Amino acid sequence: DPKISMLSHENLLAASKGNILRTERANLKGSVTVRHCSVLPLAHIFERFILLGVLLRGNQVVFCPQPEKLLEYFAMVKPTQVTVVPRILNKIYDGIMLEVGQSKLKQYLVQQALRSEESNWFSRLIFRKVKDLFGGELKAMFVGAAPITRDVLHFYRIALDIPILTGYGQTESTACATTTHAGDTAFDTIGSPVATVEIKLIDVPNTNYQSHMNQGEICIRGPVICKGYYDDEVKTRETIDEKGWLHTGDVGEWASNGALRIIDRTKHIFKLNQGTYIAPERLEDIYLRSQWVAQIFIDGISTEATVVAIVVPDEEYVRRHFKLTESMPFADVCKDEQLKQAILSDLIRLAKDNKLKYFETVSNIHLHPEPFSVQNGLLTITLKTRRQAVQTQFRPIVQSLYDNEKHSIKTV
Numbered sequence: 001d002p003k004i005s006m007l008s009h010e011n012l013l014a015a016s017k018g019n020i021l022r023t024e025r026a027n028l029k030g031s032v033t034v035r036h037c038s039v040l041p042l043a044h045i046f047e048r049f050i051l052l053g054v055l056l057r058g059n060q061v062v063f064c065p066q067p068e069k070l071l072e073y074f075a076m077v078k079p080t081q082v083t084v085v086p087r088i089l090n091k092i093y094d095g096i097m098l099e100v101g102q103s104k105l106k107q108y109l110v111q112q113a114l115r116s117e118e119s120n121w122f123s124r125l126i127f128r129k130v131k132d133l134f135g136g137e138l139k140a141m142f143v144g145a146a147p148i149t150r151d152v153l154h155f156y157r158i159a160l161d162i163p164i165l166t167g168y169g170q171t172e173s174t175a176c177a178t179t180t181h182a183g184d185t186a187f188d189t190i191g192s193p194v195a196t197v198e199i200k201l202i203d204v205p206n207t208n209y210q211s212h213m214n215q216g217e218i219c220i221r222g223p224v225i226c227k228g229y230y231d232d233e234v235k236t237r238e239t240i241d242e243k244g245w246l247h248t249g250d251v252g253e254w255a256s257n258g259a260l261r262i263i264d265r266t267k268h269i270f271k272l273n274q275g276t277y278i279a280p281e282r283l284e285d286i287y288l289r290s291q292w293v294a295q296i297f298i299d300g301i302s303t304e305a306t307v308v309a310i311v312v313p314d315e316e317y318v319r320r321h322f323k324l325t326e327s328m329p330f331a332d333v334c335k336d337e338q339l340k341q342a343i344l345s346d347l348i349r350l351a352k353d354n355k356l357k358y359f360e361t362v363s364n365i366h367l368h369p370e371p372f373s374v375q376n377g378l379l380t381i382t383l384k385t386r387r388q389a390v391q392t393q394f395r396p397i398v399q400s401l402y403d404n405e406k407h408s409i410k411t412v
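Residue numbers for the sequence shown follow the UniProt record's numbering, so the first one is 1 and each next one is one higher.
Treat the hints loosely; a few may be bogus.
Claimed, not checked - Lysine-lysine pairs mimicking DSS-like chemistry, simulated, CA-CA at most 30 Å apart:
hint : residue 1 : residue 2
1    : K357      : K323
2    : K352      : K3
3    : K352      : K106
Stated by the list, open to error - The calculated label-pair distances, taken between Cβ atoms and stated as ranges, are:
hint : residue 1 : residue 2 : range
4    : E68       : K355      : 50 to 56 Å
5    : A331      : H9        : 45 to 51 Å
6    : T185      : K355      : 18 to 24 Å
7    : K384      : S345      : 27 to 33 Å
8    : Q107      : G58       : 41 to 47 Å
9    : P396      : Q112      : 47 to 53 Å
10   : H9        : N354      : 40 to 46 Å
11   : P369      : G244      : 24 to 30 Å
Please keep in mind that the hints were generated in silico from the structure rather than gathered at the bench. A quick note: this is a predicted structure, and the numbers were derived from the prediction, not measured. Each residue gets a CB set at the ideal place from its N, CA and C atoms; glycine is no exception.
Please model the complete structure; the sequences and the hints are all you need to start from.
Have a look at this one:
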């Protein structure tokens, strides 16, 4: 069952204060001329807390009710700031790179424009159409809710030539904990603590993550922490200790500049037969970079040596790649062995590119034609995977993926 965080008026004001103080230090002060484009669902506390800050500054807000028409809204609204999640940026980025890849000249020009760590006259010339995709007047972007990869973040920093702030938080901390600074060009950190929180690292039992080694589970305390879970005192005590520290389940370390870096997760971990622990969400973030994949669920069995995956293919990309008509049911398409091998090969490529260990590399996959959704009970209202529900539904299939080794590709 989903956990329901009880967030108070104080929580929201404290989170907004931390956000406002950080953006004002970055000289991103708001005015009535600022137009914020609201893209994320309002069930998402990240968007709620950003919106409260926008309204407290007296900015304009434009709501986009159909995310699939996002670029159309940008053209009409011409926002000066926007809050997005990496999934949105990844999709736009993949579309741009797909077009760039069709011309060797375009590939060369884009590669040259991205060689610099900062925008310059050449990159502004090359990427002027990318700026126009976002309305042409964007001055700042806030990215949160999930990790963003180095190549995608660097692309947007250069192409849009604006401050792109990334941050970290959880629903239980009112989406507030750390944010990067406007001038921070690091790719692997999530910023420093905002003014309204304290953060510490604690030892993670049965691992090498020890606080005296500058690594450990991230714990957050401050007026942003929720009052607990509605009607669930047991889970509340498991998550928030008697001293008010929220135990996030994320493992981090401090960078030399005082920024926090997430290096692992303790949530939803499972063990494989060699005793290694798998953090599936970290792997899913990597495998989602495949153009073939719309959604992915990593799972494993304690008696096996590798992980397997339930994959919802990107129907639009699959049909375009294989030149399929709409008359062919997608459920039939997903039964095609050629498609399965193409997707599995691409996932293994991503595993190698990201230097994943052999037991973190998917050894077999099942293609599922129907997307996980709120309606079918596989996503929460904030569009997060309901892992227990997915595991229950696909348990027989996961077992069959291990039993049917002839369809898998060897990873070692």
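A quick look at each hint next to the structure:
1. K357 with K323: violated, 35 Å
2. K352 with K3: Distance of about 36 Å is beyond 30 Å: violated.
3. K352 with K106: holds, 27 Å
4. E68 with K355: 50 to 56 Å: violated, 34 Å
5. A331 with H9: 45 to 51 Å: Hint holds: Cβ distance 48 Å, inside 45 to 51 Å.
6. T185 with K355: 18 to 24 Å: holds, 23 Å
7. K384 with S345: 27 to 33 Å: holds, 28 Å
8. Q107 with G58: 41 to 47 Å: Holds, at about 44 Å.
9. P396 with Q112: 47 to 53 Å: holds, 51 Å
10. H9 with N354: 40 to 46 Å: holds, 42 Å
11. P369 with G244: 24 to 30 Å: violated, 46 Å
When each numbered hint is compared with the structure, violations occur for hints 1, 2, 4, 11.
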